[in-house]
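K.L.:
Residues per chain are reported as follows:
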Amino acid sequence: MSVLGIDSRREIEIRRYPMLVYVLVPLLALVLQAWLPRLVTPYVWFDFPLLITVYFAMARRSPIQGTTIGFILGLLEDALTHRPIGINGIAKSIVGFLAASVGVRIDVDNVTIRVILTFLLSLLSSATYLFVFRILLGMVLEWTWYNELFRAIGNALIVLVLFHLLDRFKIRD
Amino acid sequence: MESFFSRYRNLLVLFVLLIGQIVGLAVQVRRTADGRGVIDEKDGPGVRLIRFWAESMVVPFVGGVHYSRIGLGALWQNYIDLHNVRQQNLDLQRTVDRLRLEQASLMEDAKQGQRLQALLDFQQKYIYSTLPAQALGSSGSDQSRVFYVDKGSADGLKPDMAVVTGDGIVGKVRDVFPHTAQVLAVNDQTAGAGVILETTRIRGILRGDANGRLEIVGIMADQRIKPGEKVLTAGGDLIFPRGLPVGEVEKVVPDPDRDSHIILYLKPAAHIDRLDEVLVITSTEPRFNDQQQQDMDTSDALKAPDVAALKEQQKASQVMAERLPGLTDPNLPTDQQPQPQQLPDGAPPPPPTPTRALPALHPDRFSPGQAVQPKPTSPDATTAPHPQAKTPGTTTHAARPNDGRNQ
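Listed in order, the protein sequences are those of chains A and B. 1 is the number of the first residue of the first sequence in this note's numbering; add one for each residue after it. 1 is the number of the first residue of the second sequence in this note's numbering; add one for each residue after it.
Each hint should be verified, as a subset may be incorrect.
[Claimed, not checked] For the chain B half of the interface with chain A, some residues (derived, Cβ under 7 Å), not all of them:
| id | residue |
| --- | --- |
| 1 | N10 |
| 2 | L25 |
| 3 | I39 |
| 4 | S56 |
| 5 | V58 |
| 6 | S139 |
| 7 | G140 |
| 8 | S141 |
| 9 | S144 |
| 10 | Q189 |
| 11 | D209 |
| 12 | A210 |
Since the hints were made in silico from the structure, they are not lab data. C-beta atoms are modelled at their ideal positions from N, C-alpha and C, and glycine is treated no differently.
Please put together the full structure from these sequences, using the hints given.
P.N.:
Quick look at the structure:
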């Protein structure tokens with residue numbers, strides 16, 4: 001892993017994508033998240049909006065952009081549920097911020113790092129969701145830790161294919 | 001100051017967004033007396049607007065993907081795999097015609113039953129009008145088991161309408177948009193429905209657990225409850241009509257939070273996680289469409305000969321009953337005997353049949369049939385019946401035949 005200063009890494013490895021990708025990919029993530037659970041499995045072991053947030057945050061290496069995309073996707077995800085709007089928004093804002101912050105410092109093109117980072121950020125997202133829901137809002141929510149673990153594992157496995165596909169859309173200099 | 005903002009602008013953006021969302025959540029959630037946070041059933045205008053935006057942005061695409069999948073499946077089933085379809089279609093058409101008439105007849109019976117129940121002030125809801133809808137997509141979250149259907153307020157949907165399939169209940173309409181609606185599934189943690197066990201008649205509250213399993217809570221431990229018992233809607237929640245299938249008891253476990261209570265885990269009757277088409281119950285009041293009304297008229301016309309034959313049979317029974325001998329009281333005078341009714345076709349009533357008096361316990365010469373026979377005075381008198389012989393049902397003082405001569 002090369003050791004570079006923050007500014008120099010950012011200047012060298014910031015990725016750019018066609019504008020259409022920034023619009024369609026998050027939209028597709030929301031559509032798949034809403035459609036696949038009814039088709040494939042009743043248990044939701046993946047979180048496409050989270051994966052898209054992590055990917056673009058790491059690729060852009062901008063905490064502000066990572067936070068913003070997490071905020072927007074989280075809000076839209078909340079709005080499709082019957083729960084209060086903002087819980088996923090908070091969780092994914094934090095995830096986007098951290099993914100971009102980490103992306104500045106380490107080589108996020110490495111597949112192993114991508115998988116591990118996604119796994120950890122998925123667990124962090126679940127923990128933040130539960131914290132806001134149960135502690136901050138004081139609402140009742142039953143949950144099981146293995147559901148969140150399986151979701152984190154599922155997300156990490158999807159990364160192996162999804163991020164590779166999304167890499168094909170980047171604009172090469 | 002400028003360097004502070006530029007140095008920490010990433011954190012400041014995150015901080016502002018987090019604070020904004022926390023404030024937004026504080027507006028949506030209110031605290032109850034026991035310190036728990038709850039959200040209102042109805043969203044505020046701002047929240048509803050955001051939900052409408054998200055729904056407008058995502059659900060049409062989900063519908064497009066869903067219908068594309070259905071279209072591809074239908075392409076194979078409807079255009080390629082068509083063995084014996086024509087004959088099946090004819091058979092089914094005959095069956096439909098027959099069933100429509102039977103249904104019309106049953107609806108008449110149902111209407112009559114409801115009128116009787118209304119007289120008894122018996123409150124019960126019946127399903128009269130349903131609207132088929134396609135289940136499109138879900139919320140995509142385990143913490144919110146809702147799904148969207150392709151019918152909305154433009155189709156007459158309203159919040160709190162029950163959603164069912166032919167197998168059992170599915171959920172209730174939670175939020176309605178112009179062309180779509182959000183349905184809260186019964187296996188969500190916040191869902192609730194009144195249910196009753198079919199055999200033991202024990203009532204409980206249906207809801208979902210963290211894994212989306214159906215469970216019934218609020219039941220005292222009872223040895224009679226066994227796995228396999230069927231569960232029906234109780235009808236007390238004003239959402240689901242009474243008697244709809246919910247599922248059957250799969251497992252009985254003690255409630256960890258409350259002593260002497262149990263939790264019943266159910267196997268749902270409807271495939272809640274694999275829904276394609278559902279029915280929204282839009283009306284529980286008796287309303288018949290033109291087709292149903294026409295079927296009922298046809299049923300009436302077809303049943304008319306049977307009804308006429310039944311009336312004729314009742315009339316004949318009535319005539320037969322009038323001819324039975326027991327209707328004439330031997331102890332009453334003739335003018336007080338019940339008069340037979342005139343037959344409707346103008347025929348004269350049949351003559352009364354003489355009745356026979358019961359034999360006396362201690363017969364004497366005044367008893368009927370015990371009159372002393374006079375000695376014959378002429379040869380022909382021995383063979384001819386005596387004109388004054390008492391006959392049952394006549395007066396005991398007969399006139400003498402020679403009265404005219406003595407005067």
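K.L.:
If you check each hint against the structure, which ones fail?
P.N.:
Going through the list in order, the structure violates hint 4 alone and respects the others.
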